[in-house]
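**Student:** Construct the complete structure from the given sequences, taking the supplied hints into account.
As given, the protein sequences belong to chains A and B, one line each in that order.
Under UniProt numbering, the letters of the first sequence match residues 1 to 314, in that order.
Under UniProt numbering, the letters of the second sequence match residues 1 to 314, in that order.
Keep in mind the hints are simulated off the structure, nothing from the lab.
This one's a predicted model, so the numbers in the text were calculated from it and none came from an experiment.
Among these hints, one or two may not hold up.
Copies of the same chain look alike in the list, so a pair counts if it works inside one copy or between any two.
Okay, derived cross-link-like pairs now, SDA-like style, lysine to any residue, Cα gap no bigger than 20 Å in a straight line [unchecked claim]:
#: 1; residue 1: Lys-77; residue 2: Trp-66
#: 2; residue 1: Lys-77; residue 2: Asp-92
#: 3; residue 1: Lys-78; residue 2: Cys-119
#: 4; residue 1: Lys-117; residue 2: Arg-297
#: 5; residue 1: Lys-117; residue 2: His-254
#: 6; residue 1: Lys-78; residue 2: Gly-228
There are 2 protein chains.
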Amino acid sequence: MKVVALTGGVGGAKLVYGLAALLSPEELSVIVNTGDDFDCWGLRVCPDLDTVCYTLAGLANPKTGWGQQDETWEILKKVRSLGGSTWFKIGDNDLATHLRRTELLSEGETLSSVTQKLCSIWGVKHQILPMSDDPIRTIVHTAEHGELAFQRYFVQLACQPVVRAFEFCGAEVASPAPGALALIDKADVVILTPSNPFVSIDPILAIPGYRQAIEKKPVVGISPLVGGKAVKGPAAKMFHELGIVPSASAVAGHYQGLLRGFVFDTQDQTELEKIERWRIIPLITNTIMRDAQDRIRLAEEVIKFCELVLTRSL
Amino acid sequence: MKVVALTGGVGGAKLVYGLAALLSPEELSVIVNTGDDFDCWGLRVCPDLDTVCYTLAGLANPKTGWGQQDETWEILKKVRSLGGSTWFKIGDNDLATHLRRTELLSEGETLSSVTQKLCSIWGVKHQILPMSDDPIRTIVHTAEHGELAFQRYFVQLACQPVVRAFEFCGAEVASPAPGALALIDKADVVILTPSNPFVSIDPILAIPGYRQAIEKKPVVGISPLVGGKAVKGPAAKMFHELGIVPSASAVAGHYQGLLRGFVFDTQDQTELEKIERWRIIPLITNTIMRDAQDRIRLAEEVIKFCELVLTRSL
Chain A
1 MKVVALTGGV GGAKLVYGLA ALLSPEELSV IVNTGDDFDC WGLRVCPDLD
51 TVCYTLAGLA NPKTGWGQQD ETWEILKKVR SLGGSTWFKI GDNDLATHLR
101 RTELLSEGET LSSVTQKLCS IWGVKHQILP MSDDPIRTIV HTAEHGELAF
151 QRYFVQLACQ PVVRAFEFCG AEVASPAPGA LALIDKADVV ILTPSNPFVS
201 IDPILAIPGY RQAIEKKPVV GISPLVGGKA VKGPAAKMFH ELGIVPSASA
251 VAGHYQGLLR GFVFDTQDQT ELEKIERWRI IPLITNTIMR DAQDRIRLAE
301 EVIKFCELVL TRSL
Chain B
1 MKVVALTGGV GGAKLVYGLA ALLSPEELSV IVNTGDDFDC WGLRVCPDLD
51 TVCYTLAGLA NPKTGWGQQD ETWEILKKVR SLGGSTWFKI GDNDLATHLR
101 RTELLSEGET LSSVTQKLCS IWGVKHQILP MSDDPIRTIV HTAEHGELAF
151 QRYFVQLACQ PVVRAFEFCG AEVASPAPGA LALIDKADVV ILTPSNPFVS
201 IDPILAIPGY RQAIEKKPVV GISPLVGGKA VKGPAAKMFH ELGIVPSASA
251 VAGHYQGLLR GFVFDTQDQT ELEKIERWRI IPLITNTIMR DAQDRIRLAE
301 EVIKFCELVL TRSL
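**Tutor:** As structure tokens, this is what we get:
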């Protein structure tokens, strides 16, 4: 079975870790949100790409969900002492990634090619593609602060502002990364990982070509909300602020028209009726991933579920 | 006496250190070559500016003539492990400077303003100006390798290629840094420090406005060559390759039409006749600066000599 997974950081990266443990590089490819990329100290920082790559490389910090484990912070301290902005925490190992990426980009390489080079050094065998080589920037429209660049909202303001809408600047004129649509075309199933629907998956779907390619395929989504709350991050808060009660079915509703199957948590058993009414095949299971074993267990269930969805699609 | 010093890195920076120890910030301003600035890992690196600032701040590495003392090299190692280019050695403390500078430049600040901010943090009280806020890049025309960006020639190829000519790309459309011409205008004397005439002082003189402003002032130069050899760097080799016998008088000849006074080493006593024939007032002394005391001693002699030159000009 060939799988393409669409993902952001943290939650999505955890499931991708499980999938990569079970599927070969021929069977699994990953397309990653770059809408929250930004420039820090003049360097290109790609938080979701890095989280996914670090996670697959075994370099990720399991506690934070971002950055590398066993990280040191010497340069951050030095830059702070020179008056530099340090609200975005760049560790020394992480910094080397951004330096090398920025160097390669400045030499004219594409983000796809840079990602491939770094993955090969890190020993990541599965294909990890940025959603696009073109710049796309997620803008969060907020009640109090107007338009905010994503990382200002997400990190500097700690998701406090009330969101009104999201905008993916540049998406309409961007192209999917080279090979991305072909991978989807060849895939048996597309997985929407348990990442934030608004700011991790939607930016990918906003690029012309992705939605059309995905609509032709059986799509399986996994809810990032459990018991109406996000395992991590502002997803539930965002649903609330947009006037939608956060729930597994709200996530399924968000992806309506795309989903053939939907995985949600046993805590959300009561959502089953709604999901089935939308003619979406359900899988109710424990979706919380506390450790590597959880990730692999959930990935295994998701893969089996995809096979089931495929049989039912025939 | 108000002095403006034109300088590059190393040798020039040493004399500037001595001058700064003797002259107040009202009496001494420094204009620094930026022709060897370049981008490394996407960061703006200004080697001469940094050498001058680090030297005045007491942060410079006295052994290398570049970079900071007590430097660590963690990030360089990390970037190397990611396949990054590391022929230009950026230490961790130095890196913080480049990160902060690049951050400020990317926010739209000028190099002058960035330099001022960093100097204020480092406690450097004398005004240090980049020669220009506009990009100027020294290109070395060589026999074997054609046109080389300065740092490729200087660091990566260790000055090995035979030079044919120098070009200061962008100089003709660049402007002197804000305030630079006014400082020269108010100065009693302009000092050409013992930096490389071809690649440290000439880039400054190539910017429209400087030469005209300096020609109106008594100019005192200090030879970077002692006994036909450069104390450090490729100056003598360059003279050779351009078909000129390297000597103190060759340096004076290079600045002909500008110099009112010229300081050269006791080892070059035999050059005296030539210098005097050009109606340049000579000062023969020990010009080698091994330690801080040497720098201050030479600066003191240079300042007294400037006063003498001024009396003779009246």
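**Student:** Tell me the numbers of any earlier hints that the structure contravenes, in ascending order.
**Tutor:** 4, 5, 6
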